[in-house]
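When you get a sec, could you build the whole thing from the sequences and use the hints?
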Amino acid sequence: MKEEVKEKEGALLSKTDRLRFDIVKRSKEATLARAGVIHTPHGDVETPAFIPVGTKATVKSLYVDMIKGIGSEAVLANTYHLYLQPGQEIVKRHGGFANMMNWKSNNSLLPTFTDSGGFQVFSLGAAFDTGVSKIATSESLSQKQKEILDDTGKKKIKSSNNQMAKIDDDGVTFKSYIDGSSHRFTPETSVQIQHDLGADIFFAFDECTSPLASKDYQISAMNRTHHWAKRCIDEHERLGLSAATGARQAIFAVVQGGAYEDLRKESATVLSCMDFDGFGIGGSFTKEDMHKTVRSVTENLPEGKPRHLLGIGEPIDFFIGVEYGIDTFDCVSPTRIARHGNIYSKEGRINILNSKYKNDMSPICDDQDCPAHDYTKSYLAHLYRSEEILASSIASAHNLHFIIKLVKNIRNSILEDKFFEYKKEFLEQYYISK
RNA sequence: GCGUCGGUGGUAGAGUGGUCAAUUACAACAGACUGUAAAUCUGUCGCCCUUCGGGCUUCGUUGGUUCAAAUCCAACCCGGCGCA
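Here the first sequence is numbered in the working numbering, starting from 1262 and rising by one per residue.
It is worth saying that the hints were derived from the structure and are not from the lab.
Everything numeric in this text was worked out from a predicted model, so none of it was measured.
One or more of the hints may lead you astray.
Claimed, not checked - Below, simulated DSS-like cross-link-like pairs (lysine-lysine); rule was C-alpha separation at most 30 angstroms, straight line: (1) Lys-1476 / Lys-1566; (2) Lys-1289 / Lys-1566; (3) Lys-1566 / Lys-1526; (4) Lys-1526 / Lys-1321; (5) Lys-1617 / Lys-1427; (6) Lys-1286 / Lys-1548; (7) Lys-1526 / Lys-1289; (8) Lys-1317 / Lys-1407; (9) Lys-1553 / Lys-1607; (10) Lys-1329 / Lys-1566; (11) Lys-1427 / Lys-1321; (12) Lys-1276 / Lys-1669; (13) Lys-1286 / Lys-1679; (14) Lys-1353 / Lys-1317; (15) Lys-1289 / Lys-1276; (16) Lys-1289 / Lys-1669; (17) Lys-1321 / Lys-1548; (18) Lys-1317 / Lys-1526; (19) Lys-1321 / Lys-1289; (20) Lys-1436 / Lys-1407; (21) Lys-1548 / Lys-1685; (22) Lys-1685 / Lys-1289; (23) Lys-1436 / Lys-1566; (24) Lys-1607 / Lys-1289.
Unchecked claim - The following label-pair restraints were derived from C-beta to C-beta distances: (25) Ile-1284 / Glu-1682: 16 to 24 angstroms; (26) Thr-1530 / Thr-1398: 37 to 45 angstroms; (27) His-1634 / Ser-1366: 39 to 47 angstroms.
Idealized CB from N, CA, C, for every residue including glycine.
This is the structure we're talking about:
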């Protein structure tokens, strides 16, 4: 079955071929939406696709057999975390992190991504101790903005004393979240590490900014990200093939610019002129800003290269993203909320720890293909209450399966020209029926 | 039977005259979580009133001392231990 698909869509890439992206179908309904295939040295990713996050070369709490059950081809790991532990040398000796974590199907390695550590510039830096995250509500943001005004009503440059990342034009100095020791990333070191990690696709080192930052700051951070992008490309070229896998890796830029459409457009345009294989869209913004931000980026990116929306999302986000031309997504949400007792359902997200599920004998998931199909909600509630590890495993597998399948369904809806029909059907049930 | 120690909110367990509706932990009940410092964090947790706040009833039972008692005294009930 898989072989047929590959034959239909073109021969496998050789290890040293450049990443190829084929658009299989453009939506007749949403002008920017498309279905495609990313061909990597380790297999294909049919897009739109959701890429599970395995930050430390493990998809948290999933046990080995479940990896097959969730229906994903690719996985995304993190440079900063694997650099700190176990260190890129050890990953390299495993032949890359895919091999290390045994991310395989039918004994052959599957496609992999690595993030550059750029998000940690934000999460350990500007966002540290502020309560600001990847997605903020506009109310919480205006509240935060008030908090950082000084007595004269002027905006203070927010900088927490115990921030764990400090930025300068050349790079970022991090404190290890493990032992507090100091480490430095530059665009060059990020690329070097990512070559040792050996992902098929990796991201340029960028600065993810806080939505609380002023426009002036967003401009300077964006320009810094652009300079770093060029340095990443140069270092990638200098290094050649991956030291871990011997394969040619693809490098994706990361578009920044905060919530400003003009900056986003500029960032997309500038980065499009560099020789990247694809593009990520980064940043932290409100849900309302996401539509226009994504759109102002994708409209200014080359059509024939894949676009990845970093760190997104929730069910509604996939419809927005795909409608505006996103091909791949990654997000920690399915696994994180799973560990915290929440599971996705067609009728919305549910908290399995709510007392009503103690006696709920219905299956966690009515989809026969889902690894959670054969367990009752009552059982899962019991596993959580008794703090059994299996609780997280079942819930994570379910959430990933749910999200991966949702994005696959969106792909199919494009192929069948039923994107808006599916969007309406899904979202009405998900948000209204609750 | 005698002696001794003890009985506190769902549980364990602080508190030994006023700042106590009672520390804390657990349980319980909710909420949050979006390129993972996250198997984490937050809130509620005697009853009633719409909130600030106010009212009411609680620390084995009953009675007492005191302006004031979970806290002191007495009797009783119950439990652990020791001796008969």
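These are the hints, each one checked on the structure:
At roughly 29 angstroms between alpha-carbon atoms, Lys-1476 and Lys-1566 fall within 30 angstroms of each other, so this suggested pair holds. For the proposed pair Lys-1289 and Lys-1566, the alpha carbon gap of about 19 angstroms is at most 30 angstroms, so the pair holds. At most 30 angstroms may separate the alpha-carbon atoms for a hinted pair to count; Lys-1566 and Lys-1526 meet this at roughly 17 angstroms. With a C-alpha separation of about 36 angstroms, the suggested pair Lys-1526 and Lys-1321 falls outside the 30 angstroms cut-off, and the hint is violated.
Distance restraint check for Lys-1617 and Lys-1427: the Cα-Cα separation of roughly 47 angstroms exceeds the 30 angstroms cut-off, and the hinted pair is therefore not satisfied. Annotation: proposed proximity of Lys-1286 to Lys-1548 holds, straight-line Cα distance about 28 angstroms (limit 30 angstroms). Of the pairs offered as hints, the one joining Lys-1526 and Lys-1289 holds, with about 25 angstroms between alpha carbons and a cut-off of 30 angstroms not exceeded. For the given pair, Lys-1317 sits about 36 angstroms from Lys-1407 by alpha-carbon distance, which is inconsistent with the 30 angstroms threshold.
For the hint pairing Lys-1553 with Lys-1607, the CA-to-CA distance comes to about 27 angstroms; that is within 30 angstroms, so the pair holds. At most 30 angstroms may separate the alpha-carbon atoms for a hinted pair to count; Lys-1329 and Lys-1566 meet this at roughly 28 angstroms. Under the criterion of a C-alpha separation no larger than 30 angstroms, the hint pairing Lys-1427 with Lys-1321 is consistent with the structure, at around 28 angstroms. The suggested pairing of Lys-1276 with Lys-1669 holds, with an alpha-carbon distance near 27 angstroms, which does not exceed 30 angstroms.
Straight-line distance between C-alpha atoms of Lys-1286 and Lys-1679 comes to about 13 angstroms, which keeps the hinted pair within the 30 angstroms bound. The straight-line distance between the Cα atoms of Lys-1353 and Lys-1317 is roughly 14 angstroms, inside the 30 angstroms bound, and the hint therefore holds. Taking the CA atoms of Lys-1289 and Lys-1276, the gap is about 35 angstroms. The hint is violated against a cut of 30 angstroms. Restraint check for Lys-1289 and Lys-1669: satisfied, since their Cα atoms lie roughly 18 angstroms apart, inside the 30 angstroms limit.
With a CA separation close to 26 angstroms, the supplied pair Lys-1321 and Lys-1548 stays within the 30 angstroms bound. As the CA atoms of Lys-1317 and Lys-1526 are separated by approximately 33 angstroms, the hinted pair breaks the 30 angstroms bound. Annotation: proposed proximity of Lys-1321 to Lys-1289 is violated, straight-line Cα distance about 38 angstroms (limit 30 angstroms). At roughly 29 angstroms between alpha-carbon atoms, Lys-1436 and Lys-1407 fall within 30 angstroms of each other, so this suggested pair holds.
Proposed proximity of Lys-1548 and Lys-1685 is supported: the alpha carbons are some 19 angstroms apart, at most 30 angstroms. A hinted pair counts as satisfied when its Cα atoms are at most 30 angstroms apart, and Lys-1685 with Lys-1289 qualifies at roughly 17 angstroms. For the suggested pair Lys-1436 and Lys-1566, the alpha carbons sit about 35 angstroms apart, so the restraint of at most 30 angstroms is broken. For a cut-off of 30 angstroms, the pair hint linking Lys-1607 to Lys-1289 stands: about 26 angstroms separates their Cα positions.
In this structure, Ile-1284 and Glu-1682 meet the distance hint of 16 to 24 angstroms, their C-beta atoms being roughly 21 angstroms apart. A hinted range of 37 to 45 angstroms for the beta carbons of Thr-1530 and Thr-1398 is inconsistent with their spacing of about 30 angstroms. Roughly 20 angstroms separates the CB atoms of His-1634 and Ser-1366, a value that falls outside the hinted 39 to 47 angstroms.
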